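Protein chains: 4
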Amino acid sequence: MTDRVTASVIGASGFTGGELLRLLAGHPNVELVEATSRSYDKKTVGSVHPNLRGLDLRFTTPEDLESVDVLFTATPHGVSMGQIDDFFEIADTVVDLSADFRLETEAQYEEWYDGHDAPEYLEKAEYALPEINRENLPGAELIASGGCNATATILGLYPLFEDGILDGSEQLVVDVKVGSSEGGAGGGEASSHPERSGIVRPYAPTGHRHEAEIEQFLGTSVAFTCHAVDMTRGASATIHAFPNEPVSKRDLWGAYRGVYGDEPFVRTVAGGSGVYRYPEPKALTATNMAEVGFELDPSNKRVVVFSAIDNMMKGSAGQAVHAANIALGFEETAGLEFAGLHPVGAP
Amino acid sequence: MTDRVTASVIGASGFTGGELLRLLAGHPNVELVEATSRSYDKKTVGSVHPNLRGLDLRFTTPEDLESVDVLFTATPHGVSMGQIDDFFEIADTVVDLSADFRLETEAQYEEWYDGHDAPEYLEKAEYALPEINRENLPGAELIASGGCNATATILGLYPLFEDGILDGSEQLVVDVKVGSSEGGAGGGEASSHPERSGIVRPYAPTGHRHEAEIEQFLGTSVAFTCHAVDMTRGASATIHAFPNEPVSKRDLWGAYRGVYGDEPFVRTVAGGSGVYRYPEPKALTATNMAEVGFELDPSNKRVVVFSAIDNMMKGSAGQAVHAANIALGFEETAGLEFAGLHPVGAP
Amino acid sequence: MTDRVTASVIGASGFTGGELLRLLAGHPNVELVEATSRSYDKKTVGSVHPNLRGLDLRFTTPEDLESVDVLFTATPHGVSMGQIDDFFEIADTVVDLSADFRLETEAQYEEWYDGHDAPEYLEKAEYALPEINRENLPGAELIASGGCNATATILGLYPLFEDGILDGSEQLVVDVKVGSSEGGAGGGEASSHPERSGIVRPYAPTGHRHEAEIEQFLGTSVAFTCHAVDMTRGASATIHAFPNEPVSKRDLWGAYRGVYGDEPFVRTVAGGSGVYRYPEPKALTATNMAEVGFELDPSNKRVVVFSAIDNMMKGSAGQAVHAANIALGFEETAGLEFAGLHPVGAP
Amino acid sequence: MTDRVTASVIGASGFTGGELLRLLAGHPNVELVEATSRSYDKKTVGSVHPNLRGLDLRFTTPEDLESVDVLFTATPHGVSMGQIDDFFEIADTVVDLSADFRLETEAQYEEWYDGHDAPEYLEKAEYALPEINRENLPGAELIASGGCNATATILGLYPLFEDGILDGSEQLVVDVKVGSSEGGAGGGEASSHPERSGIVRPYAPTGHRHEAEIEQFLGTSVAFTCHAVDMTRGASATIHAFPNEPVSKRDLWGAYRGVYGDEPFVRTVAGGSGVYRYPEPKALTATNMAEVGFELDPSNKRVVVFSAIDNMMKGSAGQAVHAANIALGFEETAGLEFAGLHPVGAP
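Residue numbers (the working numbering), protein chains in the order written: chain A, 1 to 347; chain B, 1001 to 1347; chain C, 2001 to 2347; chain D, 3001 to 3347.
Just chain A, same shape as in the assembly (with noise of 0.2 Å):
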């Protein structure tokens, strides 16, 4: 372990490439030393992400890249399952903010992705999400972040798993709503600025591949639909479920703090006064932070569970710096601390 890291971004064009440059660029233990991006070669990274305008780097092409400690990657989904051996030429540890090694076993990805060219490596993958694997993160070569809708969906559900409170075997509908960042940097009609602001826009409505990481670490299906609303982060999982046993406000309370009571990226917020009275994304605008909240409705034997995040933070970059943290040895909250806004108008 070292004080001090160097570390390079490779697709850092992106929305997510850019808050890791911002996040790397920020962190007290990281010297960020290259950005990838073939599009914007030789380009300043404050021409394509004006808030990195008083950045001095510019992008550089991948085959550029020179030796760091670590690698964090931002490409699209099956980008990296191809190159993953060149990564590790580069860099010591490689973090991956794709999908292509979030699951398990070969035989997921046939089943939900398009296969899997380097299915050797996805034993030696670690799950980034530091509150359900965290005891992993130390020393891992490999870290895989998180999906964002999985995230906030694992994150809802975990301590009611954790305490007992569902086992499995019950109904769990999980209803989410996001932000267009999820779409990616680029356009394209259907988030063009006159389709797509104001909607309640149903998409991925069913069969959404997040669901298979949910499966993964819950060890149960759930009932998963996705829908795009007015804000540009934010992923919002309400989350719908139905006991076998009675619950209580109290037992949901225990559940949550017994889980999250020391974590430092996770709030529970569920009821009390003011404006905010559950988890809400824009209450987390920028944060690491996911906040998560729950209400009882004893008439139809139903816990409807909150959950909260930025997806660009908690949701891929700032979970894998979070996880990065771990995985070298610095404090967790490194490079992490940003409070979050009030008030501040979409997400």
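In case anyone wonders, no lab produced these hints; they're calculated from the structure. Treat the hints with care, as some may be off.
[Unchecked claim] The calculated SDA-like cross-link candidates involving lysine to any residue, where the alpha carbons are at most 25 Å apart (straight line), are:
id: 1; chain 1: A; residue 1: K124; chain 2: A; residue 2: L65
id: 2; chain 1: C; residue 1: K2043; chain 2: B; residue 2: E1263
id: 3; chain 1: D; residue 1: K3301; chain 2: C; residue 2: E2215
id: 4; chain 1: D; residue 1: K3043; chain 2: B; residue 2: Y1203
id: 5; chain 1: D; residue 1: K3301; chain 2: C; residue 2: Q2216
id: 6; chain 1: D; residue 1: K3124; chain 2: D; residue 2: T3105
id: 7; chain 1: C; residue 1: K2043; chain 2: C; residue 2: T2006
id: 8; chain 1: D; residue 1: K3249; chain 2: C; residue 2: W2112
id: 9; chain 1: B; residue 1: K1301; chain 2: A; residue 2: G207
id: 10; chain 1: C; residue 1: K2249; chain 2: D; residue 2: G3207
id: 11; chain 1: B; residue 1: K1301; chain 2: A; residue 2: Q171
id: 12; chain 1: C; residue 1: K2124; chain 2: C; residue 2: Q2108
[Stated by the list, open to error] Selected chain B positions facing chain A (in silico; Cβ < 8 Å):
id: 13; residue: P1202
id: 14; residue: A1223
id: 15; residue: Y1278
id: 16; residue: G1345
Keep in mind it's a predicted model, so treat the numbers as computed, not measured. Backbone N, C-alpha and C define an ideal beta-carbon position, used for all residues, glycine too.
Position chains B, C and D relative to chain A; hints supplied.
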């Protein structure tokens, strides 16, 4: 029956009242006579509703109302039940847009509201939604316009019950997203722009009063949760249903087409090409149209139903005028023909 | 003149084309015959414009157009000038919504655009804006619908010139704010939702082509700057004028009322009570109405003029139909009566 | 001078107060002691500002304030002038974010506000904006943080005056667009989401009080008009200037670079490639950075200047902390390093 009636609106400075003014002023069979508002007495209706600046009409107080054929009442819940005798002094037909006459029994009002002041009218009242109550509307004297969220939910589920795909024994989760106009005019901290924009905010996470209407008309309870999102108009219900028997897309198309094939104000939208593949409030802005649609999730034995409306139109004022058209023997679509907009910002 | 004409729309899959389809399909004197789109040939118009799902019409290609009375052309700038002879083969009246016939001379097209392919038509063309060109529209065969920003600016300034409050020697600053529909359908990175939402973005900060139209009709140049803001429809011009002589509010009311007092589609809004005290695009969504207003700034010897329109309506499709109504001898307001909405989210 | 000071915030439940709490809680040289709010006495600051839920701090009342080194006061205009003696009982340094000490003379307060209760303090007060007043800030005891719109305007124009491109004899039009946080917390009908979203609304069309500050520091009056647009944070000033002598882009780059070349919180952005070519509030969300830029309009002999800030940061709380850093001898950028976000929804 006559070709032309006189009509006035009580509570005309609110959002629903303003929508009624707009519809009635443009209705070929209606002469709009008076619009009441204590707060804005003697001011032009255009000073509150800027779209009606061209209308030569000033607010009056309810005490000064002259007799008309039809009275539309858009007062807060609990007001109409106390004044219903007075309303019938003024008009032969009363169309109430509050919740005061939607439920059938005093017991329901004891359970879901604060009781009822005029329970003798409950039996007389007809629920406005023509798709489920058309046969009782001709000649109706007291019409109770449905709740917006209940309307979206009922329209989405009704064909599944009618067709026997659901029988009431199944788990039903209804996850609703609504715009800020549901909160009514006037403001308050939670609905101020800085706090309300860009949100996905759970409100009425459990125990929403519209559950009562839904249960009354579908004969089964639903697990209902509502979220405020960043639009002004619009309500969108995503319904997660788990039929006891396997169901095919053909079955679903059959159910929806069978029930809504001849309805002037319901369209079935499920899949297809382009940007708008499922029901969305945005595509229905300013129209009285509901869109319903569905998707199959075989791996979870689930049917996902989407239902979208403009809450100010099909969800309140438009539904009220539609029902009044039937009650009074006019063309069903009279005054409600606006096709909607593309593109439009937020609904 | 006849009571009813046939009409087709070329370029009907774009935003302006879709708006034309909506207006013509609901027009009492028009039978909508064909809608062309090469990209969407044979698809329903509702697959592109979801508000028109109820319309039984499929896109065709321009080559297949049958003869109609009126042809509305909503093609990109530069297309109509190359096909204008063909257009007149199909129809006796052509209403063009591009910039191709707005300017009077070939020299202007050399200066502001890339020249002109059919300059012989320029003299024949009539500018659509009825408020300044009504007398030349009856019987017009080629109508050039004005630019949206030019329309807002001209309507705001015209009374001051007509009344002699301005004479063309004064400094005129025009600061315009527009919605994303001005960029047209299709998208691109700058108009993608994540990049386009919540912005105040200078675009065309100087040298905007609409300056040419403004100068042509007002006889003076204006210092014009345009900003993109977060709405979809709508154009708002704030005009800062410095009259040579002192002017009173009474003078201004006189000028605006004198010129627009009998106009069906212009309202003067200046001060008053309530939330909407000056012209705002939001209050005009979906209408063909322009609102103009003003405020005095005695300490700076300035008149501030506000002018707002729905750029899709008064700024393009609505203006085109209005002008066609006059050209063909119909009621001026036929098909354009929609009152607008309150509340509405973003225009 | 010391390495660490204690600080409290008066008026901490408002938007500006909350932003101060966030900045001070994260400031390396500050120990945040108390936060006052009469309305929320004893409640956690996180119950009002959800981003501060992790902060272990409850509101107190002003009467209970203990002595601190620095007092930040975020009360409505007119309050601080009446309590300034009390403030100095509590702290040696007072940083006031209201308008109460921005102007230099009692006469100005008579002209632009309702007079002044403590004119003896006016001479003592230092305007916070370091870019124009840095030399007077070290050791300052009373600091007056500038108005957000004045800040944007002054920063945009200052280099043109410093460089002699403007001398005060020219016509200056300032057209400002601001977000809803400028209206403060609490709401009201005009700022309710249904009425406030999607707007381009003239407010303070003439006679805006910030003209006084601008005139005081630039030595010339400006023709100032403000519009509310759909964002929460952010102020953007477009300044239309007509220099007496021809000016080139090189001249302008020289002026801006000369004045701001070493400023830590001002960037010049003018043209270039990509989506963000000129200053935009969105690119500056949550930062203390101002961006200024320009474009030439030779045909109108005009220079268009764009200036953008986050009104909650550079426009108030960030500026206040920046000035306090200088006054107290800290690093200028301490506590203000956040880089901003890409993408972000509405600022």
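Okay, the hints, checked on the actual structure:
no.	hint	in the structure
1	A:K124 to A:L65	24 Å, holds
2	C:K2043 to B:E1263	24 Å, holds
3	D:K3301 to C:E2215	16 Å, holds
4	D:K3043 to B:Y1203	22 Å, holds
5	D:K3301 to C:Q2216	19 Å, holds
6	D:K3124 to D:T3105	11 Å, holds
7	C:K2043 to C:T2006	21 Å, holds
8	D:K3249 to C:W2112	22 Å, holds
9	B:K1301 to A:G207	12 Å, holds
10	C:K2249 to D:G3207	15 Å, holds
11	B:K1301 to A:Q171	11 Å, holds
12	C:K2124 to C:Q2108	16 Å, holds
13	P1202	4 Å, holds
14	A1223	4 Å, holds
15	Y1278	4 Å, holds
16	G1345	5 Å, holds
When each numbered hint is compared with the structure, no violation occurs for any of them.
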